[in-house]
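Let chain A serve as the given structure and place chain B on it in line with the hints.
Line order of the protein sequences matches chains A and B. The first sequence begins at 1 in my numbering and counts up by one. The second sequence begins at 1001 in my numbering and counts up by one.
No lab work stands behind these hints: they were computed from the structure. Note that the Cβ used here is the ideal one computed from N, Cα and C, for glycine as well. Take these hints with a grain of salt, some might be off.
[Claimed, not checked] Simulated coverage check for chain B against chain A, where a stretch passes if three residues somewhere in it have a Cβ under 8 Å from a Cβ of chain A:
{"hint": "1", "region": "1168-1180"}
{"hint": "2", "region": "1240-1246"}
{"hint": "3", "region": "1319-1333"}
{"hint": "4", "region": "1336-1345"}
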Amino acid sequence: MSEVVNVKFAGLGGQGILTCTDILGRVVFDMGNDVKKAEVHGMSQRGGSITSDLRFGDKVLSPMISAGQADFLIVMGEDQVEANQHFLKEGGILVKPSDFDVDQLTNKRTLNVALLGALSKHMEFPVEQWMDAVRAQLPERLHEVNEAAFMLGRGE
Amino acid sequence: MSSERKLMSGNEAVALGTKHAGCALGVGYPGTPSTEILENYAKLADCKAQWAPNEKVALEVGIGVAFAGTRTIVTMKHVGLNVAADPLFTVAYTGVTGGMVLAVADDPGMASSQNEQDSRNYARAAGVPLLEPADSQEAYDMTKLAFEISERWNQPVILRLSTRVCHSKTIVVPSDSKEVPAAHYERDIKGRVMIPAYARPAHKKMRAKLAEIEAWNNAEGPNPIIGNSSKLGIIANGVSALHAQEAAPDAKVMKLGMVYPLPMKAILEFIDSVEECIIIEESDPFIQTEVQAAGGKVRPRLERYRYGELDVVRVKRIIDGDDSEEAAPPRGKPPQLCDGCPHRASFQLLKNIGCTITGDIGCYTLSVLPPFETMDTCICMGGSIGIGLGMRHVLPEEQARKVVSVIGDGTFMHSGLTGVADMICNRPKYGHVIVILDNGTTAMTGLQEHPGTGKTLDHNPSGKTVSLEATCEAMGVDKVVILDPSREMEAFEQAVRDAMASNDLTVIIARRPCILAVVRDAKINRGEKVR
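Chain A on its own, in the form it takes in the complex (with noise of 0.2 Å):
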C-alpha cells in the first residue's frame, strides 16, 4: 500500500485556496486514487487566515493533516508561511509565489492556479491530466489566462 501524500494549502479568505485545493482534488481523484479535502470555511471567508487539507492514496483515513505531517505546504503569500511552516514535515516541500516569476501573471487572481503549476513539478501526474481538471473546475472563460498561469508556475 502506498503512502498517503498529504498536501496543505494556506491563504486568506478570497484568494482562491479553495479553488486549487479543488482542482488538485480533482486531478488525484481521476487518477483513481482514494481522496479527502479538508477546509474550515464560514467565519473566515471575510478575509481571514484559511487552509485547505488534501489528502491522496490508496486509502485514506482521517481528513485531516496535523502539525509535522505535510508533504506539501503551498502559500499564497510569504506572510503566510510562519503560521503555517510547523505542518511541513522533515524535508517537506514549501511551494511559494516566489518560485515563479510572479509579475507575469496576465491576471493577480490566477496565482492559485500558478502554484499549482509550481506544485505539479513534484507529482508525476500528466500535465495533460492538471488541465483537464482546471477546465473542469472553472468557468470557460478563464481557461486559457489559467492555463498560462499554470505553465507559468509550472516553468515551461
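Frame of chain A, contents of chain B only:
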C-alpha cells in the same frame, strides 16, 4: 442507477441521500456548517426546499409534512437545535408518520459559532435516535438509514454532523433511490394532540420504541468492529473513529454509527474482548459517561480533550495519556468586515457616540474586533433586544440611555420580533433604541434569503416582502427612522443621539445592501451561475 464514484462534501452527500430517500420537502435555517445541505438539495432535480424564518418554524413545518404521511429533512446548526428544542421534545412523544430526519451540524472547536455544545445530549434528553457519519459516504448512507429508522419506528431521527464531516470532501458511490410517498392525512387525535391525558401514554410508548431501537442497534446497527487486537480497544464515533484508526493502526476499533440509543450490550462485549479500552470522542464525554454508568470499564479521557476538534496527533496523545500542555497553533489573520461593507460606517458612528452595544449574531459581530471593538454583548440570535431592555430597566439613567441594541435584518426576522413585543409591553423608563443593520440578506452564512428580502431560497420573488418598518410601526414602536448608513452619516448620528436623549421607543433601520449580495445579484441577473 449509476454506481459512479463522486467526490463530494458531507453536506452534498446528505443532500443526495435525502433525494434518494424520497423526500417531499427540505426545510431549515442557514447556519455554518449546515447551510449547504439545503442549498445543494434545492439544486437537485425535483427537490423542493425552503428556508424558514428560524429553526423552530423549520421543525414545525417538518412535523406537518411528516404528519401528512410523507418525508422531510430539517437542517440547522447545533445552536439552532436550541431554538427548535420546544417542538423536538414533544414530537419525540407523538412520533411521525412519514420519515423525519433532523440534520444537525455541531461545531467542535468553534470555527464559526458562539459555543461548542454537543447535540448528542439533545438526543438523550428528548428521546430521539441519533446517527453519526464519519465521512461523505457514511453521510449519504446514514441519511437514507435515518429515514428508514424513522419510518420503521415512527420516530424522528437526528443525523449529527460536525464541521469536519460537513465540509470535507470524500468519495461517495451512490446507490438506489426511492419514490416520494404521496401525502395523505389521517386523523389521530390521541396520537398527536399532546394534552396530559394523551401525552402520558405517549411518553411510555416513546420509551418502548427506544428500547426496541437499542435492541436493533445491538444486533444489526451501523457499528462495525475493525481489527482484532486483544490488547487495546478503542470505541469511537464519527470522524474521531477515522483519526483513531490512523493513530493506532494495531488497535481494535468499534466505530459507533448510532450513538443514541447506544448499543450497550455490544459495547460491553467489546470492552470484555480487550485488555484495555479507551473511548475517543469529540466534545462532551457522552459515550464515556453512558458506558461507565452501565458498568463498562474504560480509561477515562483527560479533560483537556473535551475542548476543540480532535485530529490524529491529539488522538495519539489521548491514547498515550499525555496531559502535557499542547502547543498553541500560531494565530493567522482574523476575519474582518469587508472593505466597503455598510456595517463599517454604522459601527464607526456608534463608536464615536460612545454607545453601550448589546449585539447579535451575524457578520456585524466582527465589529467586536479591531478597529471597532464596539460591541458589549453577544449571546444568541435575537438576544440583542432582550439584553438591551434588561440593562435599560435597571441601570442608572446616564448609563441606561447609552444602551443600544444592534441586530441584523436576518436575525431580526429569526428572533427579533418577540423582543420588540416585549419592549412595547414592558417599556423602559428612558425608552430604548434598536438599530437594525439592514443589508438585505443573511450575509454571514453565505447570502441566504429571508422573509424580509421577499425572495425564496432559490432567489426568486416570493410575492410578498415582510417589511421591517411596517412591522415595527404596527407593533407600536414610537418612531421608526430609515436611512443609508454610508450616505447619510449626519442624519444617522442625529437620529441616534435624539433617540438616546428621548424616552421614545425608536427603531433606526440602517439600510444599504451587502456588497457581496450586490455582486451576486448582478450575476444572477446576467444569468450566470452562482454558488
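Checklist entry - What hints, given by number in increasing order, does this structure fail? => result Violated: none.
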